[in-house]
Amino acid sequence: MSTRTATRTWTLPSVGTILSLVIVGLLLVAAIAPSLLTDRSPTAIDLGATLQPPSWQHPFGTDDAGRDLLTRVIHGARQSIGLGLGATALAFLIATLLGFTAALVGGVVDTAITRVLEVAFAFPTLLLALLVIAVRGPSLATAVIAVGIGSAPGYARMVRGQVLAVRQAGYIEAASALGHPRFAVIRRHLFPNAMRPLVAVVCLGVGQSIVWASALSFLGLGVPPPSSEWGALLDAGRPHITTSWWLEILPGLVIVLVTLAVTALGRTLQNRLGGAAR
Amino acid sequence: MRRLLFKVVSSVVVVVAAASITFFAQLAVPGDRATALMNLQTGQEKLWTEQELAPLNQKYGFDDPLVVQYLDYVTGLFRGDLGTSYTQKRPVTEVIGGQLLPSLTLTVAALAVAWLLAVGMTLLTVKRGRILSSLGSAWEALTASLPHYWVGVVLLVVFAVQLRIFPIIGGTGALGTVLPVLTLAIPLAGFLGQVTRDEFTHVLEQPFVTTARTRGMSDLGVRLRHVLRHAVLPAVTLSGWALGALVSGAVIAENIFGRPGIGQVLVTAVNTRDLPTVCGIVLVVAVIYVVANLLVDLVYALIDPRLAAR
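In order, the protein sequences belong to chains C and Y.
When we follow the numbering used here, the leftmost residue of the first sequence carries the number 3, and every step to the right adds one.
When we follow the numbering used here, the leftmost residue of the second sequence carries the number 216, and every step to the right adds one.
If you're looking for bench data, these hints aren't it; they were derived computationally from the structure.
It cannot be assumed that every hint is accurate.
[Unchecked claim] A few chain C residues that don't get close to chain Y, going by computed Cβ distances all over 12 Å: (1) Q54; (2) L92; (3) L95; (4) L106; (5) P126; (6) L166; (7) H191; (8) I212; (9) L236; (10) L255; (11) Q272.
[Claimed, not checked] Stretch-level coverage of chain Y by chain C, calculated; a stretch enters the list once three of its residues show a Cβ under 8 Å from a Cβ in chain C: (12) 233-239; (13) 347-361; (14) 367-376; (15) 455-463; (16) 488-497.
No residue lacks a Cβ here, since even glycine has one placed at the ideal position from N, Cα and C.
Please construct the entire structure, taking both the sequences and the accompanying hints into account.
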């Protein structure tokens, strides 16, 4: 019985992991060299074939200008992934600065930052992002900043907790006792050990950022329409939802699959790295 | 009791701090506010003279010293004044007022339905054999990561467009509320279910469960009377947080189903860059979030008597 459950827990995730790797691999190819996956142009208009349902010719169907939807999804990957990576990078930059400052300086500064984070939690991610857009006006750069700021508070709290936990470790005390300068201890020991478990969180964060960014575009407040960013595709398809379901469901399905794949890989990494972060 | 008082005081602090953030967000708009406002109201893009801008500066108090503006804003909040909308030229409270109830109905109903789904799944599938258990946890993992807009669009296409069970444009009637509620509840139920399932599995192995069983209690009885009470605790804590996620989702659901509510007003306001309205909505949501978390603390004490005694 025990061996059976053991093999089960070993084989099941690995099937999922392989699938996830395939999806993420395809995604990277689409983002870097979309022409390897499709030889069509994402902007080729064919007024003789508008709003065609999915077929062998057009696996995802066509939009209201007769453009091939699958081609547009493939070409949209670069912007969507870029948005996800950019926003996550920004969020973690803010989070690392706040988290480390709070945990290392301590005292009043720690209290102040913790309080500010508590206030930020009172603003739901999407609302914080919409506030940023209202101030700056919608654009690609605004979308990155909005999602980055929107998701930073949660990560900042994790980083702070992580630094506080690692600081207690024997090897940090040993390094300090050996007379290493404070900054060197932080750089060589504290930083890598505090951040390692968060690698998995970064993975999950990229998936989340892609979803938030596409949600902004879906509301017509993210990347403006001529783009084939995935959320913008969803926004463009909305007027036709009662007649042409594929314009909404299929690009959405791609986003779901990518998020699931990235999340699954993040979980696997988390188990491998023995992540303490939730 | 003192713990509760402390909670209330720190909640007020959080609200004032949130108000400060929305106040400075309004200042952060690039360019002169009166000019931006004049452009917005006349639909023209040009430089206005001092005389033309004077009435606006007067009306909105843009000329006052910053400290005065700040104090006006914060004290105004306690009188229920959220400022004046740039586009509609009437108080923000009036703009939001009527829209608050449909949104609140939507989120509270979604929270309730999500809890029903999560608890139902937990009672039915945890430790009920390998197949049921894995099906349950797979379903939860899948639904928990679905974006709201996709759930909404799929429900709309399947149940409103294809099967025609529900109206496409929802409105606030009971029938029109079903799909928006499910849009919010399905992902949340997955999330709550994951948390409850872990705890439920853990609690089922506790000695007091064995004791209850040896007393001859039925399996369902044990699950309902003893295990569930413990297992929902972590998810109750998360319900306060979930409200934030629900509000984000509500903005999207209202948009998909054309349902009136603050989400609709918010999207329009962001589009027209009507900052007082945007800030007003964000602030109202922050207050609701803070109050909800206070309530969660109370509920927690009710479920877990160990906390109330403290």
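Do the hints match the structure? See the list:
{"no.": "1", "hint": "Q54", "result": "holds, 17 Å"}
{"no.": "2", "hint": "L92", "result": "holds, 17 Å"}
{"no.": "3", "hint": "L95", "result": "holds, 20 Å"}
{"no.": "4", "hint": "L106", "result": "holds, 23 Å"}
{"no.": "5", "hint": "P126", "result": "violated, 4 Å"}
{"no.": "6", "hint": "L166", "result": "holds, 21 Å"}
{"no.": "7", "hint": "H191", "result": "holds, 33 Å"}
{"no.": "8", "hint": "I212", "result": "violated, 9 Å"}
{"no.": "9", "hint": "L236", "result": "violated, 7 Å"}
{"no.": "10", "hint": "L255", "result": "violated, 7 Å"}
{"no.": "11", "hint": "Q272", "result": "holds, 14 Å"}
{"no.": "12", "hint": "233-239", "result": "holds (count 3)"}
{"no.": "13", "hint": "347-361", "result": "holds (count 3)"}
{"no.": "14", "hint": "367-376", "result": "holds (count 5)"}
{"no.": "15", "hint": "455-463", "result": "holds (count 5)"}
{"no.": "16", "hint": "488-497", "result": "holds (count 7)"}
Going through the hint list in order, the structure does not satisfy hints 5, 8, 9, 10.
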